[in-house]
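Participant: All chains should be built: construct the whole structure from the sequences, respecting the hints.
These protein sequences, in sequence, are chains H and Z. For the first sequence, our numbering assigns the number 1 to the initial residue and increments by one for each residue that follows. For the second sequence, our numbering assigns the number 1 to the initial residue and increments by one for each residue that follows.
All clues given are correct.
No copy is singled out in the list; a pair is fine if it fits within one copy or between any two copies.
Below, simulated PhoX-like cross-link-like pairs (lysine-lysine); rule was C-alpha separation at most 25 Å, straight line:
1. LYS61 with LYS37
2. LYS211 with LYS315
3. LYS253 with LYS289
4. LYS208 with LYS276
5. LYS315 with LYS208
The hints are simulated quantities; they were obtained by calculation from the structure and are not laboratory data. Please read these numbers as outputs of a predicted model, since none were measured by experiment.
There are 2 protein chains.
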Amino acid sequence: MVMENTTQRIDAFLQANLDDYIAETAQLCAQPSVSAKGEGIEECADLVAKLLEQRGFCVQKFATPGNPVIVAHAEGQSERTLLFYNHYDVQPPEPLELWTSLPFEPTVRDGALYARGAADDKGEFIARLAAVDAVRAAHNGTLPCGVTFVVDGEEEIGSPNIAQFVQEHLNLLKCQGAIWEAGGIDPDGHPMLLLGVRGILYIELSVKTMKRDEHSGKAHILPNAAWRLLRALDSLKGPDERVRIPGFYDQVKPPSEIDIELLDALPDYEQFIRTKLGVREFVRGRTGKDLNRAVFEPTCNIDSITAGYQGEGPKTVIPAKATAKLDFRLVPNQDPDDVFAKVRAHLDDQGFTDVRVTRLGGAMWPAKTSSDDPLVKLTACTGEQVYSQPSLISPMIGPSSPIYAFAYPLGGIPVVTAGVGYFDNCGHAPNEHVRIKDFHNGARHIARILDGFAVLSHETE
Amino acid sequence: MVMENTTQRIDAFLQANLDDYIAETAQLCAQPSVSAKGEGIEECADLVAKLLEQRGFCVQKFATPGNPVIVAHAEGQSERTLLFYNHYDVQPPEPLELWTSLPFEPTVRDGALYARGAADDKGEFIARLAAVDAVRAAHNGTLPCGVTFVVDGEEEIGSPNIAQFVQEHLNLLKCQGAIWEAGGIDPDGHPMLLLGVRGILYIELSVKTMKRDEHSGKAHILPNAAWRLLRALDSLKGPDERVRIPGFYDQVKPPSEIDIELLDALPDYEQFIRTKLGVREFVRGRTGKDLNRAVFEPTCNIDSITAGYQGEGPKTVIPAKATAKLDFRLVPNQDPDDVFAKVRAHLDDQGFTDVRVTRLGGAMWPAKTSSDDPLVKLTACTGEQVYSQPSLISPMIGPSSPIYAFAYPLGGIPVVTAGVGYFDNCGHAPNEHVRIKDFHNGARHIARILDGFAVLSHETE
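Facilitator: Laid out in structure tokens, this is it:
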């Protein structure tokens, strides 16, 4: 699809200018932007805007109830637009003493750039800018398709405002496909392509049975909040790991045959996980590739339980209050609002009207791109060209992200990943880094997608 | 039973010398003796020994692995001996700012002596010395029965060494009955007589499913320690509050008809507890006098559960470790060692071999004196004489205390309570006090028991 001479010109451009892009990444990483602490946010947003303006993008900085969102658009030769989702905020750098070089003093050593945000997500963002530059250079200064960047300022704190923002700017964000953040390669160098994430509902259950804790010598008459909470939790999920809430599975769309083929084509991680985590038995006794398939099952996970005396040693007390935090990971086509209503109705039905249920954090919906979407094929195919390895395609992964906030409101666009990460780049941890070869290959991959996305549009329209 | 002129002489003596005994109580309370902190222990033990020596008791101070035990004996006219169990240690006085007068600067105001230990248990101990003095005065310097005092130094920290001590000194402690500490009157002025306490087994359950907590996006495959612990807890007790451990109830001796009559004669506390504690529903839906009867059922109480993230807000994590602390309150004739073995066997049978069970704190056995024992009748009858109110007899109360450590090794002796407490004396709390009228009546009651115990011996032998 991609003209051979165009590809050669893209690669030549990126090879010639690689050092400049690493320097640009270092410049962006030197600007702290810790959303959890509100540190350097405005400055970093302005720097991102400047980097985009320098490339002729039409840039807008939008205020939200939280941190600003940067949206930048450049027209292309085709009517079609490819959207990139990135974020300029980073995780807190602590503990500082574990960093070899300081987190906001970017340093190149051993073929990698070390800094907070080097990979997640500033390096990835700059690699995409490099790809834009390279594609323009290969096309005499034009872009074969339109390009829109959405650069979030709150990804590391759960993007609480992005869904609303998208809803309010549907025309501005109109596109025919999106490349999400956080792609990369697996330990064996295979490019990894993620097509779906699960949704999430996070709730707190709390029970209060008395005004205060009481002496456990009265346990024959006074109601224990811990036991009460346990009964409520027990009503939510059975020992067979099946969620007992009526209707919970009603909307579940099972994986397609292709999804299962893709899952079965992924490596068998059983021994790796057993060794790394010391797991004796997996959920439902699963082994081997069944562990991969299980991602299409929704979960009901206890994140915490707190009841009674939390100190050392014995204390004889009847807890008056008990709380548990739970998250449900939801698969297509479950809806967190619907699940929340069903949890409440179920507890009421079971007589647990005294169990309070509150939502914590923002809900997220599942999102999944069909594996036969042309963008998936383009991304997989160009990945194989760049990395000389077959692409690994995960139709669904366990965690959640706000892909749903874009995919559905923007008309069911395909959303895929392609990036600069590798398994050991210390994202969210001390000594975060991006390997220069991964940055380089990541930019080459994105440029090929950009180039192909335009051609793709002609093929499919 | 008690000769009228003897009783009159006892009362006259106590009336005449009341101020001196309050002063003696103040002297003892001025000596701190906080076992939880090891503060003033030796000094207080020596002061107790001196108070007993001054009265011609043969006093021995025994070292234990913890604090000293004082044992004092005085011969009487009869072969029979009555044993008094008291303790010289006190609860920590904190928070100090809530005391009107300082805890170790005893102060008389509004008809009461305020000090840490004024009621629990120094005032009670001195009231018993006063009773000894009064009985001697009424009997021309002799005691009608032998008297042995055991004054513990670790009652407020669970008497970890008293059972072993008794086992090693069976001859020294030989007696035909005992008056336990912590008696008194109820809110309506009825003397209260406690005949039994439950035993206790305290355990910790812990489960570890992985080396470390993991992201909850993997909950479809990774084992959650909180859910695992819940399943184990669920196997121990059903929603019907029935303990599911095989054989748990095998040794349970049901209350006798007399026990039930006594329980039914106690006040109905339902409304009082509902209001005070805000309880909507009692265990097993009990109401009214059924609440009293329930004390003869053993319990399985969750004292605490801890699993996962304990901070504010949401965190998406699969807990790798979960722990719960439980106490079982045991009724006659359950045995904490036996119950412990059954818990372990049951968990193994149910497949919970991965759930670790450890014992915390010292176990205690249940103990109960038969309500038709002559000492019970004597204590009830003399209580009615002193307080002009019928005695309330509790055949069993919910908490535990080391009565078993004396009652069984010393040959199944009867153990009852009679003392100086009332419901609002702030034991264990700031502004602990003993009302002087309660001190006075408590001494009068004990003196009558002492006097009657000797006569009782002639009647029953």
